[in-house]
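Participant: Listed below, chain by chain, are the residues.
Protein chains: 2
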Amino acid sequence: MDDNPASRRNIKLVIAYNGAAYHGWQRQAEGIDTVQLRVEAAASRIVGHPVSVSGSGRTDAGVHAAGQVASFRTTNLAIPLRGLRRAMNSRLPRDIAIRSAEVVADDFHASRSAVRKTYRYRVYVAPMRSVELCSQVWHYWRSLNAERMRAGAVRLVGEHDFRGLATSAEVRENTVRTIYRCEVAQADSEIVVSVTGNGFLYNMVRNIVGTLVEIGRGRWEPERIDRILASCDRCDAGPTAPPDGLSLMSVEY
Amino acid sequence: MDDNPASRRNIKLVIAYNGAAYHGWQRQAEGIDTVQLRVEAAASRIVGHPVSVSGSGRTDAGVHAAGQVASFRTTNLAIPLRGLRRAMNSRLPRDIAIRSAEVVADDFHASRSAVRKTYRYRVYVAPMRSVELCSQVWHYWRSLNAERMRAGAVRLVGEHDFRGLATSAEVRENTVRTIYRCEVAQADSEIVVSVTGNGFLYNMVRNIVGTLVEIGRGRWEPERIDRILASCDRCDAGPTAPPDGLSLMSVEY
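Residue numbers (our numbering), protein chains in the order written: chain A, 170 to 422; chain B, 170 to 422.
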């Protein structure tokens, strides 16, 4: 790629996808279908040269997005942006959609420039599973007390060391993150957990949900959250909730 | 199977499924995944002998059900019905669910005994496709006038020769059916068509929806329905709507 920023464009995409059919966002070995692979293939064909699409972060197999953000550089200055979005959508499978495409500053980087992310997790609480929602929710057959979950959720807000809520395989120097908002809403048969933070450790949202569900079903008191944040011990937290209920809703810059 | 009805039970199942991952209801050649195949495999393992599960009718690849009905005979009288439903659900993939299981008279036949069926069709009307709903709706990007569609729908109610709304491959002696109800509802970005009738020809609901959509977008007047019912000519009707929006809601006996 040309080193002169004037001869290229940096394009920011907002992407929605249903992750049910994909092995996550991240490009993997040959023959493994991922969202990044599909987006790169569509973009490359349109701009006429191979592109590398860089996302705000990985999402695991089965995890969805309403507002994943990714960017790529192109030396093709001829394609209008409106045309780009449409052309990409017509070349993508119907479970992936480009919501917007815009030119951004050359130094924009979808991952490093992100300052805030919001995730949503849907728990479907009913004795019988829903075949319609099966890939979009965690089906939980025991009853859950949303009020107790809420009392646990508010204890997560603030700057904390979230090591106890990260999957242990994760080795990072800095496990301190800030949660700005952690809300629990109940509607019909669903309990929806929404979390906004400046960053998330691996499996952190799924571990938060797994822990709040243990609180909601009465195994633990909401104060359990304080213990997990103090001990930083993964063994104090609940199980990792399944990927299906999780969706990356938005990334702010 | 024993010829004596006292030594066997006829079991009626109500089944919900998300058809997105299946090649329809009907068992096909080896290696082709269908809903019937999955239900038979689960039932056979539980009762301990091979069973043949007979459905109220076929649903095509990609078509869903909230209330498909099927029945099978078993000589195993030991398994309690409550246990049967639960055991089947634990042996079925999560996009298929047994809603109920009950013992019915020996002469009950899911297809021949049916007197009424209800289908629902979801059209998602929006400029951008929904990745969340993509396998559950027909995404239609032009705007549709539900009032016009409703005016067309009511003209279908009654006893008519529906040959013009059956896919032409169908060769049947009697193409007369009675539609008891054909309603068009609008909510948020969706237009939902619900049809109840004493029976349906091949692709009939999808052809009805394809025709109502042509009326809704203004290509035809609602009176077009009268012409199709009079001419019995498939060429007078609209295109076959895609399978994804269709769901078999209930079968009455």
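Read the hints as simulated data drawn from the structure, not as lab findings. One or more hints might be untrue.
Unchecked claim - Coverage of chain A stretches by chain B, computed from C-beta distances (three or more under 8 Å per stretch; other residues unrestricted): (1) 213-219; (2) 274-284; (3) 302-315.
Claimed, not checked - Derived coverage of chain B by chain A (criterion: at least 3 residues anywhere in the stretch with Cβ under 8 Å from a Cβ of chain A; other residues may be distant): (4) 198-208; (5) 303-311; (6) 355-361.
To be verified - DEER-style ranges, computed between Cβ atoms: (7) V326/A / S280/B: 56 to 66 Å; (8) P249/A / Y349/B: 27 to 37 Å; (9) A210/A / P296/B: 50 to 60 Å; (10) P249/A / S358/B: 51 to 61 Å; (11) D357/B / R255/A: 18 to 28 Å.
Heads up, the beta-carbon is just placed ideally off N, CA and C, and yes, glycines get one too.
Participant: Hint by hint, say whether it matches the structure.
Facilitator: Verification of the hints:
no.	hint	verdict
1	213-219	violated (count 0)
2	274-284	violated (count 0)
3	302-315	holds (count 4)
4	198-208	violated (count 0)
5	303-311	holds (count 4)
6	355-361	violated (count 0)
7	V326/A / S280/B: 56 to 66 Å	holds, 57 Å
8	P249/A / Y349/B: 27 to 37 Å	violated, 52 Å
9	A210/A / P296/B: 50 to 60 Å	violated, 24 Å
10	P249/A / S358/B: 51 to 61 Å	violated, 27 Å
11	D357/B / R255/A: 18 to 28 Å	holds, 24 Å
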